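J.: Residues per chain are reported as follows:
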Amino acid sequence: MAILEVKNIEKVFGKTEVLKDISFSLEKGEVLAIIGSSGSGKTTLLRCLNFLETATSGSIIVNGKTVFDKSIKLTDKIMRQNRLHFGMVFQNFNLFPQYTAFENVTLAPKLALKNGIETNKKSVEEIEKFGEELLETVGLSDKRDFYPCQLSGGQQQRVAIARALAMQPDILCFDEPTSALDPELTGEVLKVIKGLKGNDRTMIVVTHEMNFARSVADKVIFMADGVVEEMGPPEQVFGNPQSEKTKAFLANSLENI
Amino acid sequence: MNAFLEQFPDVFEALNEGFIQTLTIFIVTLLGALPLGLIISFGSMSKFKPLFAVTKTFVWIIRGTPLMLQLLIIYYGPGIILQENIWGQDEVGMLIATCVAFIINYACYFSEIFRGGIQGVPQGQQEAGQVLGLSKSQIFFKIKLLQMIKRIVPPMSNEIITLVKDTSLARVIGFIEVIYVGEQFLTGYKGISGIVWPLFFTGIYYLAFCEKKLSYFRS
Numbered sequence: 001m002a003i004l005e006v007k008n009i010e011k012v013f014g015k016t017e018v019l020k021d022i023s024f025s026l027e028k029g030e031v032l033a034i035i036g037s038s039g040s041g042k043t044t045l046l047r048c049l050n051f052l053e054t055a056t057s058g059s060i061i062v063n064g065k066t067v068f069d070k071s072i073k074l075t076d077k078i079m080r081q082n083r084l085h086f087g088m089v090f091q092n093f094n095l096f097p098q099y100t101a102f103e104n105v106t107l108a109p110k111l112a113l114k115n116g117i118e119t120n121k122k123s124v125e126e127i128e129k130f131g132e133e134l135l136e137t138v139g140l141s142d143k144r145d146f147y148p149c150q151l152s153g154g155q156q157q158r159v160a161i162a163r164a165l166a167m168q169p170d171i172l173c174f175d176e177p178t179s180a181l182d183p184e185l186t187g188e189v190l191k192v193i194k195g196l197k198g199n200d201r202t203m204i205v206v207t208h209e210m211n212f213a214r215s216v217a218d219k220v221i222f223m224a225d226g227v228v229e230e231m232g233p234p235e236q237v238f239g240n241p242q243s244e245k246t247k248a249f250l251a252n253s254l255e256n257i
Numbered sequence: 258m259n260a261f262l263e264q265f266p267d268v269f270e271a272l273n274e275g276f277i278q279t280l281t282i283f284i285v286t287l288l289g290a291l292p293l294g295l296i297i298s299f300g301s302m303s304k305f306k307p308l309f310a311v312t313k314t315f316v317w318i319i320r321g322t323p324l325m326l327q328l329l330i331i332y333y334g335p336g337i338i339l340q341e342n343i344w345g346q347d348e349v350g351m352l353i354a355t356c357v358a359f360i361i362n363y364a365c366y367f368s369e370i371f372r373g374g375i376q377g378v379p380q381g382q383q384e385a386g387q388v389l390g391l392s393k394s395q396i397f398f399k400i401k402l403l404q405m406i407k408r409i410v411p412p413m414s415n416e417i418i419t420l421v422k423d424t425s426l427a428r429v430i431g432f433i434e435v436i437y438v439g440e441q442f443l444t445g446y447k448g449i450s451g452i453v454w455p456l457f458f459t460g461i462y463y464l465a466f467c468e469k470k471l472s473y474f475r476s
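For the protein sequence lines, the chains are A and B, in the order given. FYI, in our numbering the residues of the first sequence are 1 to 257. FYI, in our numbering the residues of the second sequence are 258 to 476.
Isolated chain A, as found in the complex:
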């Protein structure tokens, strides 16, 4: 059974249709890369999955359970519980500046524990231990007590990845995780994301890094003007694109390199 099923998602801003009838599904442990030019709706799609935008119609099903359907009204508490199926890493990190790296990672699980939101961490000690492990995973154990302003962009983004993992989402989403970074810092972040692959971790990565998408993704979606223009394994989308738009986009992207 697919871990994620997205069915007929549409999103309209005023009169602009940003997403038109988007459907796809993901198996557990798959990595999906979403590529496409700016304004094609990639980020909006990711934001709809995380409920940062409310889709105009369509439904989202995680593990066979409907977490979003336009016709179903959900209470605040259930919404909060449902959105925890997804984790989000933002383009510009959005770390909490007043907390240290470690506090950034452990804040949400601790508050969830206090609030009775269901996670599988049952005590503060467990959360803190897990927080330490996560910082180690992203290679920042030595920066545990540093504030975001004392970290480089790449390090901040790695903390943000650890923070997203701390809530143990079923699906981890990345919204152009390296776009705000200096070129020499993108490598360390991409390496961490690459390292997360496996262990049945399902990820969706919106990215402009074509080589990265090609090497990490199990499935690639090319979006153009709010529709899924092409979808398939990377070898197919990159190696043998069918749509004219995909061909043009890839030609342009490669030209830039």
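Misleading hints may appear alongside valid ones.
No more than 27 angstroms apart at the CA atoms, straight line, and that leaves these computed lysine-lysine pairs for DSS-like [what the hints assert, rightly or not]:
#	chain 1	residue 1	chain 2	residue 2
1	B	401	A	143
2	B	399	A	143
3	B	399	A	129
4	A	110	B	393
5	A	110	B	401
6	A	15	B	399
7	A	143	B	306
8	A	73	B	393
9	A	70	B	399
10	A	121	B	399
11	B	401	A	77
12	A	121	B	393
13	A	77	B	399
14	A	77	B	304
15	B	401	A	121
16	B	306	A	114
17	A	110	B	399
18	A	77	B	393
19	B	304	A	114
20	B	399	A	122
21	B	399	A	114
22	B	393	A	65
23	A	73	B	304
24	B	304	A	15
25	A	122	B	393
Residues on chain A that point at chain B, a partial pick, calculated with CB under 8 angstroms [what the hints assert, rightly or not]:
#	residue
26	52
27	80
28	83
29	90
30	92
31	96
32	98
33	108
34	117
35	167
36	196
The calculated label-pair distances, taken between Cβ atoms and stated as ranges, are [stated by the list, open to error]:
#	chain 1	residue 1	chain 2	residue 2	range
37	A	63	B	314	53 to 59 angstroms
38	B	317	A	251	39 to 45 angstroms
39	A	56	B	377	27 to 33 angstroms
40	B	419	A	179	41 to 47 angstroms
To be clear, the hints were calculated from the coordinates, so they are not data collected in a lab. Quick caveat: nothing in here was measured; it's all calculated off a predicted structure. Just so it is clear, CB atoms sit at the ideal spot from N, CA and C, and this is done for glycine as well.
Here the structure of chain A is known, so what remains is to put chain B in place on it, guided by the hints.
T.: Using the frame of chain A, we list chain B on its own:
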């Protein structure tokens, strides 16, 4: 020299009395204008158009006209219109009128500082809290509040220092505050009022302290 020593206690006492009046205006204004400013800032951020428009216009007028004029209008205005001094003739009436004018004026300035601090926290902070499953109140108290305070404190301390000095405007309606007293003693005692102010300024140091305390993070 003898004259100075003889007169010093009287001068000092009079200055102290004036200083207490100054302090009263300062404290009452601060206590009134801070909460009122916060309420006005909510109005100026309101999505309800009429409230937004009224608040904006009000703030625009108050910030656009001199405090001295507002003080004169508030103290003498009702008398001219109603043919009756609603503030009373005595010192207390003047103090109340002064405080009302100051509170309105400073609340408007404060409201803009509050608005800047509240709106200055990036939307991304809210979103980061949301995707981590935090509740609205947790996002406000645990994430945004301190960042707002950090944005509010420096301009607010400027404004409060200005308020200390603006209290001297109260003498345009005849209210006896420290400068007024100082002026009365000016002949022969020039500069005496000058020693009161530095003393008072030490009280502002706590603000500088606040600012230091919050400098451990940047946002």
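J.: Does the alpha-carbon distance linking residue 304(B) and residue 114(A) stay inside the 27 angstroms limit?
T.: Roughly 33 angstroms separates the two Cα atoms, so the pair is violated.
J.: Within 53 to 59 angstroms: is that where the Cβ-Cβ distance between residue 63(A) and residue 314(B) falls?
T.: holds, 54 angstroms
J.: For a C-alpha distance cap of 27 angstroms, please report whether residue 110(A) and residue 401(B) respect it.
T.: holds, 17 angstroms
J.: Is the hinted pair residue 121(A) and residue 393(B) satisfied, with a Cα-Cα distance of at most 27 angstroms?
T.: holds, 22 angstroms
J.: Checking one constraint from the list: CA of residue 70(A) to CA of residue 399(B), max 27 angstroms. Satisfied?
T.: violated, 31 angstroms
J.: Take a quick look at whether residue 143(A) and residue 306(B) sit within 27 angstroms of each other, Cα to Cα.
T.: violated, 47 angstroms
J.: Min Cβ distance, residue 90(A) to chain B: is it shorter than 8 angstroms?
T.: holds, 6 angstroms
J.: Measure nothing beyond the straight line between the CA atoms of residue 77(A) and residue 304(B); if it is 27 angstroms or shorter, mark the hint as holding.
T.: This hinted pair holds, its Cα atoms lying about 25 angstroms apart.
J.: Indicate whether the distance between the beta carbons of residue 317(B) and residue 251(A) respects the range 39 to 45 angstroms.
T.: Since residue 317(B) and residue 251(A) have Cβ atoms about 54 angstroms apart, the given range 39 to 45 angstroms is violated.
J.: Taking 27 angstroms as the top limit, are the C-alpha atoms of residue 77(A) and residue 393(B) close enough?
T.: holds, 11 angstroms
J.: Given residue 167(A) was flagged as interface, is its beta-carbon under 8 angstroms from a beta-carbon of chain B?
T.: holds, 6 angstroms
J.: Next item in the hint list is residue 98(A). Is there a CB on chain B closer than 8 angstroms to its CB?
T.: holds, 5 angstroms
When held up to the earlier numbered hints, the structure conflicts with 6, 7, 9, 16, 19, 36, 38 and fits the remainder.
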